[in-house]
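Colleague: What follows is each chain in one-letter form.
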Amino acid sequence: MATKVLVAASTKPIVLSILSHGENYGYQIIKEIEQLSNGELNWTDAMLYPVLSRMEKEGLIQSQWVKMDSGRKRKYYRITPEGKKQLEKERSQWLNVNQVFSHLWGTNGQGFQFT
Amino acid sequence: MSFNIDQAIKMWRQKVQQSKAMEPGFLEELESNLLDRYEEYLIKGLEPAEAFAKAEAKSMPDLPLLAKEYDKAFDPNYQTNRMRNSFLWLLPSYLKVALRNLARKRFYNIINYVCLAIGVLATTLALLYLNYENSFDQMIPEVEKKYRVGQTFRSQNYSLLGFVNYNSTEPAMQLQHINAVGSIKGVQEACQFFTFPEPIKVRAGQDDFNTTDILKTNTPGAFFDFFDWPFLEGTLDDFTENINTAVLTESEAKRFFGPQWRTQDLSNQALIIGETSYAITGVIADIPPNAHYDFSIALHQPSLDYWGARTYVKLEDKADPVAVAQQMKANMSTINTRLAESELFGGILLQPLTSIHLNSNLLYEMKPPGDKRYLYIIGIISAIILLLTISNYTNLSIAMNASRTREIGMRKIFGAGKSQVAWQFNLESIVLALLTLPVDALGLRALIPWFNQFMGTEIEASILSKVSFWGIIVLVTIGVGFLASLYSALYLAKHPVLKLFHGDLASKMVEGFSTRKAIISFQFVLLIGLCSLTLFVNQQLQFVQNKDLGYNKDQIIYISLSGDSSRYATFKNEVSQIPEVIQVGSGSTMGASSFNQTTYQLTGTSEVFDDAYNIDLDYSAINLLGIETSVEDYVKNPEMAPERITLINQTFANKLSRQFDIAPEDLIGRTIIQEPEYTDEETGEVGFPYQVAGFFDDINMFSLREKVGPMFLTVTKNPRYVYWASVAWEDASPTAIIEKIKGKYETLQLDQAFNYRFLDQNIEELYQNEQRIARLCIYFSLIAFAVAVIGLIALTAYLTTLKKKEIGIRQILGASTLDILRRFNTEYLILLLISLLIASPLTWYGVSRWLANFAYRIDLNIWVFLVSGAITLIITTVSVSLIAWKTIREVPINALQETQ
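These protein sequence lines are chains A and B, in that order.
With the numbering used here applied, the first sequence closes on residue 121, and no number is skipped along the way.
With the numbering used here applied, the second sequence closes on residue 901, and no number is skipped along the way.
There could be a bad hint or two in this list.
[Stated by the list, open to error] Here are the in silico distance ranges between beta carbons for each label pair: (1) A/K95 / B/L96: 45 to 51 Å; (2) A/P19 / B/R105: 55 to 61 Å; (3) A/Q68 / B/R105: 55 to 61 Å; (4) B/M411 / A/K95: 46 to 52 Å.
Please keep in mind that the hints were generated in silico from the structure rather than gathered at the bench.
In this text, a Cβ means the ideal position worked out from N, Cα and C, and glycines have one as well.
Make the full structure from the sequences, and use the hints.
Modeller: Here is the structure:
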C-alpha cells in the first residue's frame with residue numbers, strides 16, 4: 007500500500023492523466039486506478055469525490071450529468087485546456103523524480119543493492 | 002421478503018442525509034456510484050440484496066470522514082471555520098452566557114457558591130497539611146543519601162547508637178566510635194550529637210535563661226556539613242577550631258541579647274552553663290519546624306554526657322543502605338566492643354532521613370513522630386466534604402438547568418455540537434468556582450494560624466504569596482468546577498433537539514428513581530459515615546480518659562530535682578510544710594513514653610525473657626498515687642518497712658505462674674535475675690537478683706495503645722538519686738500550688754531551672770494526636786452537615802416551586818399540611834435506610850482498623866450507626882419540612898393561577 011502522503015500527492019495528476027484519455031465517471035476512475043496499480047492504490051469513494059469537486063472548482067475538469075439508456079443519471083468528467091496545462095506541469099515534475107530514482111536504482115529498480 | 006432496490010436506496014439516502022455538509026449534488030453523485038457498484042456485483046452473479054449490501058459497504062466506509070473531505074475540498078475557509086468552532090474562539094460567548102445565568106438564579110447560585118467555597122477551602126487546607134507532613138527534612142541537601150543510625154537491642158529498636166561504656170565513655174573513645182562508623186565501607190561521612198529537651202539554666206550577660214533543646218556535639222564540622230544549617234553571623238571554622246564554643250539560633254540570640262543582637266559583637270560574649278563558659282562563635286537561622294529535631298543552642302564539647310549518641314551517616318553514591326547496615330553489624334567490634342559481644346544486640350538500623358517523621362516508631366524519638374493514619378483520615382474527611390460539595394452542585398444544577406432546555410435546543414439548532422453545549426455548563430460552574438478564590442484566599446489567611454495551633458503544625462502563611470501554590474489551587478478549583486458540572490452537562494447535552502422543546506424535562510426530574518436520588522443517597526452515606534466516625538473516635542477518647550489507669554492522676558505534680566538523697570530530703574521537708582500539700586514522693590513518672598525493657602530469668606528455670614519494664618517509686622509515691630499493692634502496711638507506715646523491696650505487677654505474676662505452673666502466692670520469696678547475660682568479672686555473680694516481696698495491681702504507665710507488660714517495681718524508703726519528685730495536693734488551684742512549690746524550690750538555691758509537669762497533663766499529651774483528630778472530626782462533621790443541609794434546602798426549595806400546582810390541587814382536594822409534608826419526607830426516609838445499610842459496614846471496617854492500634858478500646862456498638870442515621874434523618878426532615886411548609890402556607894389559588 008502506498009503511504010497516505012504519496013496517495014494525496016499523486017491523486018490529482020492520476021485523475022488528470024486518466025481524463026486525458028477521454029471523459030470518464032467516478033466509479034470507473036476508481037476501478038481503472040485499481041487495475042493499473044495491481045490493487046496497490048485502493049482509493050475510497052470518500053476520497054475521490056471531494057477531490058473531483060475541488061478540481062472542478064479549480065477549473066481543471068468539467069462535469070456533466072448524462073442520462074443513460076436505463077434512465078439512470080451518471081456524472082461524467084472531462085479535462086479542460088487548463089487541466090491539460092496543469093497535467094503537463096505535473097508530468098515533467100513526476101518524470102524528474104522518476105529519473106532520479108532510475109539513476110539511483112537502475113531502470114526497473116532491480117539492480118539496486120542496499121549496502 | 003423480496004429485495005426492493007428503490008426501498009433500499011431510500012433508506013440509504015436517509016442514513017447519508019444525517020451527516021452534515023451533505024449537499025444534494027454530492028448525494029446524487031454518491032448514489033450513482035453506489036448503483037454502479039451494485040450493477041457490477043449483479044453482473045458477477047450476486048443476489049440483489051447481497052449485491053446492494055456489498056456495494057453499500059464499499060462505497061460508504063465512513064460518513065463523517067466523507068463529510069470532512071467534502072468540507073475541506075469545498076470550503077476555502079475550512080481552517081478558519083475549524084478554529085471558529087473551537088473552545089477558545091467561543092470562550093467569550095460562553096462566558097457572557099455563563100455570567101448572565103449566574104446572575105439570573107441568584108439565590109441558588111449563592112448557595113452553590115458558598116458550598117464550592119467551603120469545598121475548595123477544606124481541600125486546600127488538607128493539601129497544605131499533607132504537603133507539610135510530607136516535607137519533613139526535605140530541606141537538608143542530598144537528603145536521599147543521608148541516614149540515621151539506630152540499633153536493635155533485646156526486642157526493641159532504638160533511635161540512637163549506644164557508647165561502649167555508656168555515660169562513662171571517654172572523649173577519645175566517643176570519637177573513635179564515630180570515626181569507626183565513618184570508615185565502614187559505603188559510608189562517606191558520619192556525625193554524632195545529642196539534644197537535651199529539659200530546660201537548663203543558661204547565663205548570658207547578666208541574666209539567666211531557662212533554655213530547652215540544647216544540642217551537644219563532638220563532631221561539629223561533620224554535623225554542620227551534614228545538616229547545612231545556614232550561618233547568619235560567624236563561621237563554622239570558629240565553632241570547630243576550639244572546644245567549648247557555642248552557636249545560637251536566631252531566636253535564642255534575640256531572646257538573650259534583644260532584637261538588636263546584630264549590632265552587638267557577640268564574639269566577645271560567652272554563655273555560662275553550669276560551671277563551663279562557652280564562647281559564642283556564630284548565629285544560625287532557626288531550625289525549620291519541619292525538621293525531625295530541633296535545637297536552640299549547639300555546643301562544641303569534647304564529649305557527649307549521655308549513654309549514646311544520635312548518629313548520622315551520609316552514604317556514597319549508589320551505596321546500598323541494607324548492605325552498609327550489615328557491614329556495620331559485621332564490623333561492630335571496631336565501633337563498640339560491648340555491643341559486638343552482647344547476645345542482646347540485634348543489628349543496625351539505617352533509616353532514610355525523609356522517612357523518620359512518618360515511618361519511624363523507635364524508642365526515644367526527638368520529636369513525637371507523625372502518624373500516616375491521621376494523614377489518611379484527614380485526606381478522607383476533606384474528600385468527603387469535597388464530594389458533598391460536588392454532589393450538591395450537581396444535584397442543584399441538574400434541577401435548575403432542567404428548565405434551560407429551550408436554550409439548549411436553540412443552541413443545537415444553530416449548529417452547536419454536544420461538546421459545545423456541555424462546555425457551556427462546565428464553564429458556568431468553573432467560573433463560579435473560580436469566583437470563590439478571593440474568599441478562599443481570605444479564608445486561608447484566617448484559618449492557617451488557627452489550624453497550626455490546632456494541629457500542632459507550623460504551616461507558614463507565606464505560602465499564600467507563592468505563585469506555584471496558587472497555580473495548584475487554581476487547577477484544583479477548575480477541577481472541582483468541572484467535576485461539579487460534569488453530570489448535568491453531559492445529561493443535558495445528550496438530549497435530541499426535538500425533546501428539548503417539549504419542555505417536560507424539568508417536571509420529569511421530580512418523579513421516579515433519578516440520578517438526583519442516587520446523589521442524595523450518596524450524600525447520606527457520607528454523612529452517616531462521618532457522623533458515626535466522629536461518635537466512635539470521641540467515644541474511644543472518652544474511654545481513654547476515663548479508664549482506671551491503676552493510679553490517681555489528678556492533683557499530682559512532678560518537679561524535676563536531679564539530686565541526691567539529701568537534696569530530696571530537704572526538698573521534701575520544705576514542700577511538706579505547704580498546707581495544701583498532702584504528700585511528697587519520688588520515682589518513675591507516670592504517663593510516660595515507653596522506654597527500654599530488661600531481660601530476666603526466674604531462678605530455678607532456664608528460660609530468659611526480655612519484655613519487662615523496671616520502675617522505681619518510694620513508699621510515699623505509691624501511697625500518693627494510690628497504687629494497690631500486697632504490702633499495704635509498708636505503704637501506710639514506711640518507718641516499719643524494709644529499706645528496699647521489689648514488687649512485681651499482676652501481669653508479671655500471672656505470666657510466671659502460667660509459664661512455670663506456680664501459684665502466684667508461691668512467687669513471693671522467689672528470686673528473679675535481671676540481665677542474666679551479664680556476669681560480674683570480680684565476684685562471678687550472674688545478673689542482678691531481685692527477691693519478690695509482693696505484688697502490685699497493673700498500672701497503665703504508658704499510653705493505652707500499649708498493653709501492660711511485666712513490671713518490676715523497686716520500692717525504696719530513701720532513694721539514692723531523685724530525678725523527679727511527685728507532689729500530691731488539694732484545695733488549691735494548679736497555678737497557686739506551682740507558685741508555692743516554686744517559692745520553696747528557690748530557697749534550695751539549686752543551680753538549675755525550675756521544671757515541672759502535671760500528671761494529668763502528661764497523660765493528656767499521650768493522646769494529643771487522637772484529641773486533635775477527634776475535634777477535627779467534630780468540626781468537619783459540622784461543616785459537612787452544613788454543606789449537605791444547605792444543598793438539601795436549596796434542592797427542596799427548587800423542587801417545591803415546580804410542585805406548587807400539585808400542592809395547590811392536593812390542598813383543594815382536602816389534604817392537610819401534615820399529609821403533604823409526609824409526601825415530601827417519605828422519599829428521603831427510604832433513601833436514608835438504604836444509605837444506612839451501605840455506610841455502616843464501611844465505617845465499621847474503617848473504625849475497627851483504627852481501634853486495633855489500642856490495646857484497650859471500646860466495643861463497636863451498632864447503636865452508634867442508628868444514632869447517626871437518626872441525626873441525619875432529623876436534620877433532613879426538619880430542613881425539608883420547613884422549606885416545603887413555606888410553599889404550603891401560600892394560598893392554593895395563587896399557585897394555580899400562575900402560568901408556568
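Colleague: Now, for every hint given, state plainly whether the structure supports it.
Modeller: Hints, verified against the model:
no., hint, verdict
1, A/K95 / B/L96: 45 to 51 Å, "50 Å, holds"
2, A/P19 / B/R105: 55 to 61 Å, "60 Å, holds"
3, A/Q68 / B/R105: 55 to 61 Å, "57 Å, holds"
4, B/M411 / A/K95: 46 to 52 Å, "50 Å, holds"
Of the numbered hints given earlier, the model fails none.
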